[in-house]
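From first to last, the protein sequence lines stand for chains D and X.
Each residue of the first sequence is one higher than the last, beginning at 1 in the numbering used here.
Each residue of the second sequence is one higher than the last, beginning at 1 in the numbering used here.
Please keep in mind that the hints were generated in silico from the structure rather than gathered at the bench.
Check before you lean on any hint, since a few could be wrong.
Computed spacing ranges between beta-carbons, pair by pair [to be verified]:
(1) D/Tyr39 to X/Val52: 44 to 54 Å
(2) X/Asp59 to D/Ala54: 24 to 34 Å
(3) D/Asn41 to X/Ser67: 43 to 53 Å
(4) X/Gly28 to D/Lys114: 21 to 31 Å
(5) D/Leu56 to X/Thr86: 20 to 30 Å
(6) X/Thr26 to D/Ala17: 35 to 45 Å
(7) D/Ser52 to X/Val112: 39 to 49 Å
(8) D/Ser70 to X/Arg9: 38 to 48 Å
Glycine included, each C-beta is placed from N, C-alpha and C at the ideal position.
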Amino acid sequence: AQSVTQLGSHVSVSEGALVLLRCNYSSSVPPYLFWYVQYPNQGLQLLLKYTSAATLVKGINGFEAEFKKSETSFHLTKPSAHMSDAAEYFCAVSVRSGNTGKLIFGQGTTLQVKP
Amino acid sequence: EADIYQTPRYLVIGTGKKITLECSQTMGHDKMYWYQQDPGMELHLIHYSYGVNSTEKGDLSSESTVSRIRTEHFPLTLESARPSHTSQYLCASRWGESTEAFFGQGTRLTVV
Numbered sequence: 001a002q003s004v005t006q007l008g009s010h011v012s013v014s015e016g017a018l019v020l021l022r023c024n025y026s027s028s029v030p031p032y033l034f035w036y037v038q039y040p041n042q043g044l045q046l047l048l049k050y051t052s053a054a055t056l057v058k059g060i061n062g063f064e065a066e067f068k069k070s071e072t073s074f075h076l077t078k079p080s081a082h083m084s085d086a087a088e089y090f091c092a093v094s095v096r097s098g099n100t101g102k103l104i105f106g107q108g109t110t111l112q113v114k115p
Numbered sequence: 001e002a003d004i005y006q007t008p009r010y011l012v013i014g015t016g017k018k019i020t021l022e023c024s025q026t027m028g029h030d031k032m033y034w035y036q037q038d039p040g041m042e043l044h045l046i047h048y049s050y051g052v053n054s055t056e057k058g059d060l061s062s063e064s065t066v067s068r069i070r071t072e073h074f075p076l077t078l079e080s081a082r083p084s085h086t087s088q089y090l091c092a093s094r095w096g097e098s099t100e101a102f103f104g105q106g107t108r109l110t111v112v
């Protein structure tokens with residue numbers, strides 16, 4: 001069965017430090033992959049997506065992610081954290097199976113940015 | 001700007017009542033989804049649809065039911081609400097399998 005796992009439910013970094021949020025997937029066929037951000041009391045917003053083109057994907061707000069098939073990973077990074085990056089981040093997998101479009105999310109990672 | 005709407009935004013209802021949460025989108029998307037999310041927690045897929053009259057249960061067992069009679073409309077119904085159903089319900093839609101999903105603002109349900 002397809003699944004997605006986010007390692008680390010809480011990540012805390014200092015302002016200006018590197019942000020690394022981990023996401024691993026389980027699928028027999030490389031899926032389509034997404035990262036979303038959710039600010040408190042707001043809806044989900046797309047950060048970036050991987051759809052079989054370039055393995056290094058750039059998104060909004062300075063975030064990027066690299067698809068590594070050998071590691072079944074799609075980790076999210078940002079070189080320098082900003083206070084406004086504090087939010088909940090979700091990795092999602094779109095299962096490529098018969099065009100049913102099943103879309104499942106990881107457990108989420110709360111990013112805390114300290115001054 | 002994504003055009004996907006959920007009503008009501010907030011609902012407080014008594015145990016045993018039947019409720020329907022509405023979700024509509026005007027983008028002509030073929031895929032629609034219902035997720036359950038407790039505050040600050042993960043999104044659990046409870047139902048999804050890949051076209052008119054085509055619905056599937058998600059990974060989280062749910063006592064709710066859905067229907068997809070029209071492309072733009074994907075209501076979720078609870079026949080008998082219980083306090084354990086208290087949560088936020090998020091609706092989403094997209095086209096195909098490789099595109100991003102757009103989310104509604106959510107319905108926050110409280111069953112007393």
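Each hint, compared with the structure:
no.: 1; hint: D/Tyr39 to X/Val52: 44 to 54 Å; in the structure: violated (34 Å)
no.: 2; hint: X/Asp59 to D/Ala54: 24 to 34 Å; in the structure: holds (30 Å)
no.: 3; hint: D/Asn41 to X/Ser67: 43 to 53 Å; in the structure: violated (30 Å)
no.: 4; hint: X/Gly28 to D/Lys114: 21 to 31 Å; in the structure: violated (44 Å)
no.: 5; hint: D/Leu56 to X/Thr86: 20 to 30 Å; in the structure: violated (42 Å)
no.: 6; hint: X/Thr26 to D/Ala17: 35 to 45 Å; in the structure: holds (42 Å)
no.: 7; hint: D/Ser52 to X/Val112: 39 to 49 Å; in the structure: holds (48 Å)
no.: 8; hint: D/Ser70 to X/Arg9: 38 to 48 Å; in the structure: holds (45 Å)
Figure legend: structure checked against the earlier numbered hints; hints not met, in rising order: 1, 3, 4, 5.
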